[in-house]
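Asker: If you want the building blocks of each chain, they are given just below.
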Amino acid sequence: GQQVMQIPQYQHVQEGEDFTTYCNSSTTLSNIQWYKQRPGGHPVFLIQLVKSGEVKKQKRLTFQFGEAKKNSSLHITATQTTDVGTYFCAFSNDYKLSFGAGTTVTVRA
Amino acid sequence: DSGVTQTPKHLITATGQRVTLRCSPRSGDLSVYWYQQSLDQGLQFLIHYYNGEERAKGNILERFSAQQFPDLHSELNLSSLELGDSALYFCASSPTGKGRNTEAFFGQGTRLTVV
Numbered sequence: 001g002q003q004v005m006q007i008p009q010y011q012h013v014q015e016g017e018d019f020t021t022y023c024n025s026s027t028t029l030s031n032i033q034w035y036k037q038r039p040g041g042h043p044v045f046l047i048q049l050v051k052s053g054e055v056k057k058q059k060r061l062t063f064q065f066g067e068a069k070k071n072s073s074l075h076i077t078a079t080q081t082t083d084v085g086t087y088f089c090a091f092s093n094d095y096k097l098s099f100g101a102g103t104t105v106t107v108r109a
Numbered sequence: 110d111s112g113v114t115q116t117p118k119h120l121i122t123a124t125g126q127r128v129t130l131r132c133s134p135r136s137g138d139l140s141v142y143w144y145q146q147s148l149d150q151g152l153q154f155l156i157h158y159y160n161g162e163e164r165a166k167g168n169i170l171e172r173f174s175a176q177q178f179p180d181l182h183s184e185l186n187l188s189s190l191e192l193g194d195s196a197l198y199f200c201a202s203s204p205t206g207k208g209r210n211t212e213a214f215f216g217q218g219t220r221l222t223v224v
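Going line by line, the protein sequences match chains A and B.
Number 109 marks the last residue of the first sequence (our numbering); no jumps.
Number 224 marks the last residue of the second sequence (our numbering); no jumps.
Don't take each hint at face value.
Which residues of chain A face chain B? A partial, calculated answer using Cβ under 8 angstroms [as the list claims (entries may be wrong)]: (1) H12; (2) V13; (3) G16; (4) Q33; (5) H42; (6) F45; (7) Q48; (8) F88; (9) D94; (10) Y95; (11) K96; (12) G100; (13) A101; (14) G102.
Here are some chain B residues the structure puts well away from chain A; computed CB gaps all over 10 angstroms [what the hints assert, rightly or not]: (15) R127; (16) R164; (17) F173; (18) P179.
Think of the hints as simulated: they come from the structure by calculation, not from any bench.
Built from N, CA and C at the ideal position, the CB exists for glycine as well.
All chains should be modelled from the sequences, with the hints used to inform the complete structure.
Answerer: In structure tokens:
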């Protein structure tokens with residue numbers, strides 16, 4: 001079945017730096033969603049992308065859906081300690097909402 | 110607060126026992142998803158109910174079952190529990206089950222410990 005791969009698995013970032021995490025599929029996706037789970041917390045919906053090449057921004061976070069709708073990226077600028085957590089991409093297909101393995105982000109102050 | 114309520118928050122039980130986890134979705138949401146998250150693991154999709162009907166199954170063991178009631182709350186039943194079933198169990202609700210409005214809102218989770 002359809003799956004998404006997230007890279008990197010772990011991201012260690014210096015506070016103030018930028019980083020990007022990626023979500024890749026071997027097949028075309030109808031949509032991609034991003035969630036954030038803080039340590040000890042539950043996943044929180046961030047955004048959904050549905051259009052080819054779509055770009056959405058939320059403050060320091062920029063989300064992009066690839067032209068072929070097979071990959072997506074999350075770019076965070078000027079990382080802060082509040083960005084710590086695991087970022088999951090997910091896609092909805094035929095009543096299943098499937099998640100990638102996540103990128104766990106730690107921040108060095 | 111996501112608006113999704115899960116009870117209980119913590120559950121400790123012995124191997125071989127049976128437990129029931131409960132989820133109340135956000136007001137107006139028709140879909141309920143169940144996920145299992147083991148320590149430092151991702152979210153494993155178990156099952157999806159939409160408006161009372163099972164719509165999709167993931168990697169759900171035969172020892173596990175679920176249902177969604179007419180008031181749209183859902184229960185996940187785990188039986189013949191094994192040590193490996195210890196995990197966080199999340200439910201999530203969504204306005205619809207297919208199409209565009211599938212963003213999911215998660216409850217706080219139930220942490221199950223099997224001893």
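Asker: Would you mind marking each hint as holding or not holding in the structure?
Answerer: Status of each hint after checking the structure:
Interface restraint check: A:H12 against chain B, minimum CB-CB distance 16 angstroms, threshold 8 angstroms, status violated. The beta carbon of A:V13 comes no nearer than 19 angstroms to any beta carbon in chain B, farther than 8 angstroms, and the hint placing it at the interface is violated. Interface hint status for A:G16: violated, as the beta-carbon distance to the closest one in chain B is roughly 27 angstroms, over 8 angstroms. The criterion of a C-beta within 8 angstroms of any C-beta in chain B is met by A:Q33, whose closest approach is roughly 6 angstroms, and the hint holds.
Because the closest C-beta pair between A:H42 and chain B is about 4 angstroms apart, less than 8 angstroms, the hint holds. The beta carbon of A:F45 is positioned within 8 angstroms of a beta carbon in chain B (closest approach about 5 angstroms), and the interface hint is therefore held. For A:Q48, the suggested interface contact is upheld, since its CB lies about 5 angstroms from the closest CB of chain B, less than 8 angstroms. The closest approach between the C-beta of A:F88 and any C-beta of chain B is roughly 7 angstroms, which is under the 8 angstroms cut-off, so the hint is satisfied.
Taken as an interface hint, A:D94 checks out: its beta carbon lies about 7 angstroms from the nearest beta carbon of chain B, inside 8 angstroms. A hinted interface residue such as A:Y95 counts as satisfied when its beta carbon comes closer than 8 angstroms to some beta carbon of chain B; here the least separation is about 4 angstroms, so the hint holds. Using the Cβ-Cβ criterion of 8 angstroms, the hint placing A:K96 at the interface with chain B is satisfied: the shortest such distance is roughly 5 angstroms. Taken as an interface hint, A:G100 checks out: its beta carbon lies about 7 angstroms from the nearest beta carbon of chain B, inside 8 angstroms.
A least Cβ separation of about 4 angstroms between A:A101 and chain B falls short of the 8 angstroms threshold, and the interface hint therefore holds. Of the supplied interface hints, the one on A:G102 holds, with its beta-carbon coming within about 5 angstroms of a beta-carbon of chain B, less than 8 angstroms. Listed as a non-interface residue, B:R127 keeps its Cβ farther than 10 angstroms from every Cβ of chain A; the least gap is roughly 25 angstroms. Its beta-carbon lying about 4 angstroms from the closest one in chain A, B:R164 breaks the requirement of being farther than 10 angstroms from that chain.
For B:F173, the requirement that its beta carbon stay farther than 10 angstroms from each beta carbon of chain A is met, with the minimum near 16 angstroms. Distance to chain A confirms B:P179 as a non-interface residue, since its nearest Cβ pair spans about 20 angstroms, more than 10 angstroms.
The structure does not agree with the numbered hints 1, 2, 3, 16 stated previously, though it agrees with the rest.
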